Amino acid sequence: MQSLSVSGICKRGLLVALGVLLASGSHAQQQDFSKVKIEALKVRDNIYMLVGSGGNITVQIGSDGVLIVDTQYAELSDRILGKIRELSKGPIRYIIDTHHHADHVGGNANLRAAGMTVSGGNVGGDISDAGAGAQIIAHENALLHMSSPPAGQPAIASAALPTLTYFTPKKDLWFNGEGIRIMHEPNAHTDGDSIVYFRQSDVIAAGDVYVSNQYPFIDIANGGSIQGIIAAANNIIDLIIPVYGQDGGTLVIPGHGRLSDIGDVINYREMLTIIRDRIQDLIRKGMTLEQVQAAKPTADYDPRWGSSSGFWTTRQFVEAAYKNLSAPQGK
Amino acid sequence: MNSPIRGVLLLATAVLGCLLTSAALAEKNLAGVWTGTYSEDWPDRFPGPELGDYGGLPINDADRMRALSWSASLIALPEYQCRVHPSDYANSFADIRIWEERDPVTEKLIALHLQHFAWQTRRTIWMDGREHPPEYAQHTSMGFSTGQWDGQVLTIHTTHLKEGWLRRNGAARSDKASVTEHFIRHGDILTWTVVVNDPVYLEEPFIRNRDYKYSVDNQVANYSCESVVEMVRAPGYIPHHLPGTNEDVKIFAETHGIPYKAAMGGAATMYPEYMKVIRSLPVPPPR
Ligand SMILES: [Zn+2]
Numbered sequence: 075m076q077s078l079s080v081s082g083i084c085k086r087g088l089l090v091a092l093g094v095l096l097a098s099g100s101h102a103q104q105q106d107f108s109k110v111k112i113e114a115l116k117v118r119d120n121i122y123m124l125v126g127s128g129g130n131i132t133v134q135i136g137s138d139g140v141l142i143v144d145t146q147y148a149e150l151s152d153r154i155l156g157k158i159r160e161l162s163k164g165p166i167r168y169i170i171d172t173h174h175h176a177d178h179v180g181g182n183a184n185l186r187a188a189g190m191t192v193s194g195g196n197v198g199g200d201i202s203d204a205g206a207g208a209q210i211i212a213h214e215n216a217l218l219h220m221s222s223p224p225a226g227q228p229a230i231a232s233a234a235l236p237t238l239t240y241f242t243p244k245k246d247l248w249f250n251g252e253g254i255r256i257m258h259e260p261n262a263h264t265d266g267d268s269i270v271y272f273r274q275s276d277v278i279a280a281g282d283v284y285v286s287n288q289y290p291f292i293d294i295a296n297g298g299s300i301q302g303i304i305a306a307a308n309n310i311i312d313l314i315i316p317v318y319g320q321d322g323g324t325l326v327i328p329g330h331g332r333l334s335d336i337g338d339v340i341n342y343r344e345m346l347t348i349i350r351d352r353i354q355d356l357i358r359k360g361m362t363l364e365q366v367q368a369a370k371p372t373a374d375y376d377p378r379w380g381s382s383s384g385f386w387t388t389r390q391f392v393e394a395a396y397k398n399l400s401a402p403q404g405k
Numbered sequence: 006m007n008s009p010i011r012g013v014l015l016l017a018t019a020v021l022g023c024l025l026t027s028a029a030l031a032e033k034n035l036a037g038v039w040t041g042t043y044s045e046d047w048p049d050r051f052p053g054p055e056l057g058d059y060g061g062l063p064i065n066d067a068d069r070m071r072a073l074s075w076s077a078s079l080i081a082l083p084e085y086q087c088r089v090h091p092s093d094y095a096n097s098f099a100d101i102r103i104w105e106e107r108d109p110v111t112e113k114l115i116a117l118h119l120q121h122f123a124w125q126t127r128r129t130i131w132m133d134g135r136e137h138p139p140e141y142a143q144h145t146s147m148g149f150s151t152g153q154w155d156g157q158v159l160t161i162h163t164t165h166l167k168e169g170w171l172r173r174n175g176a177a178r179s180d181k182a183s184v185t186e187h188f189i190r191h192g193d194i195l196t197w198t199v200v201v202n203d204p205v206y207l208e209e210p211f212i213r214n215r216d217y218k219y220s221v222d223n224q225v226a227n228y229s230c231e232s233v234v235e236m237v238r239a240p241g242y243i244p245h246h247l248p249g250t251n252e253d254v255k256i257f258a259e260t261h262g263i264p265y266k267a268a269m270g271g272a273a274t275m276y277p278e279y280m281k282v283i284r285s286l287p288v289p290p291p292r
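If you read the protein sequences in the order shown, they are chains A and B. When the letters of the first sequence are read in order and numbered with this note's numbering, they come out as residues 75 to 405. When the letters of the second sequence are read in order and numbered with this note's numbering, they come out as residues 6 to 292.
Hint data in this document are derived by calculation from the structure and do not stem from the laboratory. Note that the structure is a prediction, hence the values are computed from the model and not measured. Take the hints with a grain of salt, since some may be wrong.
[As the list claims (entries may be wrong)] Below are the DSSO-like pairs computed for lysine-lysine, each with C-alpha atoms no more than 27 Å apart in a straight line:
#: 1; chain 1: A; residue 1: K116; chain 2: A; residue 2: K157
#: 2; chain 1: A; residue 1: K397; chain 2: A; residue 2: K359
#: 3; chain 1: A; residue 1: K111; chain 2: B; residue 2: K181
#: 4; chain 1: A; residue 1: K109; chain 2: A; residue 2: K163
#: 5; chain 1: B; residue 1: K255; chain 2: A; residue 2: K359
#: 6; chain 1: A; residue 1: K109; chain 2: A; residue 2: K157
#: 7; chain 1: A; residue 1: K370; chain 2: B; residue 2: K181
#: 8; chain 1: A; residue 1: K370; chain 2: B; residue 2: K255
#: 9; chain 1: A; residue 1: K109; chain 2: B; residue 2: K181
#: 10; chain 1: B; residue 1: K281; chain 2: B; residue 2: K255
#: 11; chain 1: A; residue 1: K370; chain 2: A; residue 2: K359
#: 12; chain 1: B; residue 1: K181; chain 2: A; residue 2: K116
#: 13; chain 1: B; residue 1: K33; chain 2: B; residue 2: K218
#: 14; chain 1: B; residue 1: K266; chain 2: A; residue 2: K370
In isolation and in its complexed conformation, chain A is listed as follows (with noise of 0.2 Å):
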């Protein structure tokens, strides 16, 4: 995060093939990792948000193992593994991926060859290679967009997709000593969005439906809309228990920005919303993107939210967003 904003990262993970960036680090030139540093904050006894370059990464350890979500980029994969050997020595059983960009699912491989899966009695011959590396946990379109990559990109190495998907509303595990619920947030950032609930610890890694530090990009070509981020948000938000007020309680690790709590999930659904309902209500008035661009129905957030360059502007964000809620089913 320090060496890179979220435009940076998005536009990595739009510009560069996901496969590429999975199966070898020779497409990497673009950005110099070598000052990247990982650095570990401790959230909660036994979760951890690790911050270095893409997607905040979750890790989870205890008696069981270890077991995190998102793995950033394969060029850092060394340092982070030092990081999580900092943590804790235990086996690499689960890694989650919360979505399909190449910021969040870029250590996939180098991170699962470093673990071991859980496997064995009726789940044993599932997995041929069983046993060699974790288990690599994602909604199924996250899959399908890793496994189907746009035309002219290479395909992605077949150690890097996820192992284990899931179609329906959610998916449970029980790892160190907790209860791990998998929630699919249609529609989102992408059409392939996870938040990753860890019950016991009261900790929520959010992947990018929630990020505090720019407009949330909306991968409009993979699915996403602003609908449904003010939905993933909302779903945050019901989720969550503050201690009192808008503080404490319940912990939301970004995928790109600080670790939240409630009152910033509320002023990040606040924003979207009031902007949602102004994008809408000028659609209403028969504006055309042009005469909505010119209404500038950001300018108050743009300080705080905004970019004039980059990948992800705020032209771009207020574009997407016309084109959701112009479109037939308001998405």
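Place chain B with the ligand on chain A using the hints.
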């Protein structure tokens, strides 16, 4: 121990104690309950500011738009009902209690704690020289504060604040703000000066002073807040005014005969020279 030696030791201890106390005199003792003293700032401190009164606030265009979009119905939503005053505002409202946390062996001051009557929030001001956490650490309503004595003035630096407000009428203060405070004690009178620097929403630093009197008898009253559903709303509904549609914000200017433009604030409205400008501005029709 025989008594002459004991006497010498006692004397030495007393001398040393006096020396240390004198040395420590540069630091004031702020511990105790302090009661707000109110004068012309009463309406702003207790009942709260009127809607549409942003005069004297160095807010920029973006914050003005936030303020004009703000609807007071927002605080009827359960998740907003107990939203606390941020630490750069909470002192303004009623009484405060300050107490010290000292190392039991060395008596070194580790932290000052401050409790506000408003929402019963408590904050810690670290006095042990620790560093502020990295930017990606959690932000809170109270923020992360470190303090030091500049002579007899306690100066506090606060970061890691969540978004709050400059006034309880929609004028937002962003989470990118940093705050410097000074606590200045003159006998039984305590002055709190707060300087808000907000690169997102302010044209210039916003400075506010509040006075308190040392209280011998008072305690800070209990203040509890319980969120309830007051009315059934559509899920995800956020009350706000679409740009250009908020007529309520004109009431203040019309009631008091203040030009609309002056009521909308901005750095210029902080300065005495602005009185000349006000006279040149059209006064709205009385309500
Ligand atoms: Zn993403």
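Is K116 (chain A) within 27 Å of K157 (chain A), Cα to Cα?
-> Between K116 (chain A) and K157 (chain A) the Cα gap is close to 12 Å, so the pair holds against 27 Å.
Quickly compare the C-alpha distance for K181 (chain B) and K116 (chain A) to 27 Å and report which way the hint goes.
-> Holds, because 22 Å separates the two Cα atoms, which is no more than 27 Å.
Could you grab the alpha-carbon distance between K111 (chain A) and K181 (chain B) and see if it respects the 27 Å cut-off?
-> holds (23 Å)
Please work out if K33 (chain B) and K218 (chain B) have their alpha carbons no farther apart than 27 Å.
-> Holds, at roughly 15 Å.
Is K255 (chain B) close enough to K359 (chain A), meaning Cα to Cα at most 27 Å?
-> Holds, at about 25 Å.
Given the hinted pair K109 (chain A) and K163 (chain A), is their alpha-carbon gap at most 27 Å?
-> Measuring from Cα to Cα gives roughly 25 Å; hence the hint holds.
Has the given pair, K266 (chain B) with K370 (chain A), been kept, meaning a C-alpha gap of at most 27 Å?
-> Judged against 27 Å, a Cα distance of about 21 Å means the pair holds.
Given the hint that K370 (chain A) pairs with K359 (chain A), does the C-alpha gap stay at or below 27 Å?
-> Within the cut-off at roughly 15 Å; holds.
Is the hinted pair K370 (chain A) and K181 (chain B) satisfied, with a Cα-Cα distance of at most 27 Å?
-> Holds - the C-alpha atoms of K181 (chain B) and K370 (chain A) are around 22 Å apart, at most 27 Å.
With a cut-off of 27 Å on the C-alpha distance, tell me whether K397 (chain A) and K359 (chain A) pass.
-> Given pair K397 (chain A), K359 (chain A) holds - Cα atoms ~15 Å apart, limit 27 Å.
Is it true that the CA of K109 (chain A) sits at most 27 Å from the CA of K181 (chain B)?
-> holds (25 Å)
For the pair supplied as a hint, K370 (chain A) and K255 (chain B), confirm whether the alpha-carbon distance does not exceed 27 Å.
-> holds (23 Å)
Every hint from the earlier list agrees with this structure, and none is contradicted.
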